[in-house]
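Let the sequences and hints guide you as you build the complete structure.
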Amino acid sequence: MHTDRFQGTSTYVATEDLLVAVNAAITLGRPLLVKGEPGTGKTVLAHEVARSLGRPLVEWHVKSTTKAQHGLYEYDAVARLRDSQLGSDRVHDIRNYIVRGRLWEAFESTPPAILLIDEIDKADLEFPNDLLLELDRMEFHVYETRETVKALHRPGVIITSNDEKELPDAFLRRCFFHYIRFPDRATLERIVDAHLPDLKATLVEQALDVFQALRDVPGLKKKPSTSELLDWLRLLAAEGVAPDRLAGEARRDLPPLVGALLKNEQDTFLAHQALRRGRTR
Amino acid sequence: MFLDFFQGLRAAGVPVTITEHLAWLEALRAGLAGLDPERFYYLARAALVKDERYIDRFDRVFGHVFRGLDAPGELTADIPEAWLRRLAERLFDPNELERLKALGSLDELLEALRQRLAEQQERHEGGSRWIGTGGTSPFGAYGANPFGIRMGQHASRHRRAAKVWDQREFRDFADDVELGTRQLKVALRGLRKLARRGHEDELDLPTTIRATARNAGWLDLQWQRTRENVLRVLLVLDVGGSMDDHVRRVEELFSAARSELKHLDHVYFHNCLYERVWKDNHRRHELVTPTEELFRHHDRETRVVFVGDASMGPFELTHAGGSVEHWNEQPGVSWLRRAVAAWPHTVWINPIPEDHWTWTPSIGMVRGVFEGRMVPLTLSGVERAIDLLT
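Protein chains in written order, with the working numbering: chain A, 1 to 281; chain B, 1001 to 1390.
Watch out, some of these pointers could steer you wrong.
[To be verified] Capping the alpha-carbon separation at 16 Å, the derived lysine to aspartate or glutamate pairs in EDC-like fashion look like this:
| no. | chain 1 | residue 1 | chain 2 | residue 2 |
| --- | --- | --- | --- | --- |
| 1 | A | Lys165 | B | Asp1265 |
| 2 | A | Lys63 | B | Asp1201 |
| 3 | A | Lys67 | B | Asp1201 |
Worth flagging that the hints you see were computed from the coordinates, not collected in a lab.
Printed below as a string of structure tokens:
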């Protein structure tokens, strides 16, 4: 059964503040900007919202070369030129060469879509500014055909950012904002339980201790994240690692399968030293 | 009440605007908060705060307005006692200080300080900002946040400090980003050196036209690589000591640079460049990088920008062991010379106004090492720096 309020799902543990932010943004038809450490479930959020509300998801992954126009439409002049040389009939209607972008797709979707604009900070500085009007009014103009595309329903827009660049104030003003903090112990346990319900409680307990000790190692380039924790737990279970290999004296050495948590050798080295000294903070 | 809240937020330095306020009211009217105080708080936060840096300030104002708790900006824990005593020296006259000593305990000292700060706040600025500007107060422009407290003054009572005893934790410049960096950003754009890299995925129109013409009108598409900024920039920043007063402006420069350049690295040093630098001020004693390594990692093409006031005792430059905080085997000036030799594209940005440079001998010495490539931290100065770097 679908309601029009997002409540979290069986596989996505959402905190109360996140729920409020998501529902406010969707109800009012304003974009929701989500920031937070990598691996805390920013992108997954959009998937889960779409799934639980029973709405189609339109994903727009932003790259450093993405321009705002790509999301609206592109006019394929080259294809038209080629067709004109080949004498095709298509060439007389310019609409044949308008390629719809993700935003257009989301505007025309029924039921209203959830639009994910992923990693908006990857694009050029001016990218968010170029989308202001489109996200505000949920309409844009196609110059080639002189028509205005207007959203049938305001899509729920979820935007993620990793803070690589600052976003312009004018853009921020129009968004709701939520910062996903790294989950605390209780939430972590809930998350693990939601994803891996069959794991032995003792293993989870010990593994979380080790995980948090690793996160507390000073100076890590990349702290292990929730998604890495889940991968690691899956690995531990698959390899049949006994919980006591994560307890007691074993804590002074790197945990088994540490490669799932620490992704570069400097971090591994740092963690190894810190653990051996028995001092993680 | 909501307007009070709005104004409170603005006074505390959270950049909220009418648009956001209205969005929040709209959300409230839509019944999104229900009757639950927690959800009311979350909703306000989602609608009004757009940056995690401001959440702490927001929380304080929220607590103050809606629960009548502590006033925002009240002194809270984690301020070292020695620091407070130094602050007291500034705020109280000797007689009062004598009486304070009789009071003795830290709690009483705190209480007295708090009163004094409150008084001064009212007297000077009408309540929204902390006392005094221009370096007499240990508080930054917005004291609403304990992190907003700028560096303590106690090492730098006199510009040429003999020994820095204190291992203060300097706050990382990148943590606090100020507005008004637009001009600097525009200036820094001059640092773009574009080159074609990556895949050939951009239509090269002029060549296509030429090729098509040569092809007797049959379309012949030509592609080229996209342009990217390939310039690498290394910022070498001075923290602490006589730089305390300039921290804010250096912060601005730093935050401006971060969003403008892709390959940007930064390291910190104290007063003068010696055999080691560090990347994180909170861990400056644990995680140091040998300066030699810096030379190796950043090649000759790197644009290196030193930011510092170059104001120190001449011994810190010329003598082994002259450093104020450790024993250096080689004099600072030889490290500076090596830096200039390793990176031909170097410039020193000095926050001290240009016409004051002659007053401090060490500035002249550093300037000599940099072959005159020293500019003031002004818009025109930064533009000059960019000219020198390109």
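Okay, the hints, checked on the actual structure:
1. A:Lys165 <-> B:Asp1265: Distance ~15 Å between A:Lys165 and B:Asp1265 Cα, so the pair holds.
2. A:Lys63 <-> B:Asp1201: Measuring from Cα to Cα gives roughly 14 Å; hence the hint holds.
3. A:Lys67 <-> B:Asp1201: Roughly 14 Å separates the two Cα atoms, so the pair holds.
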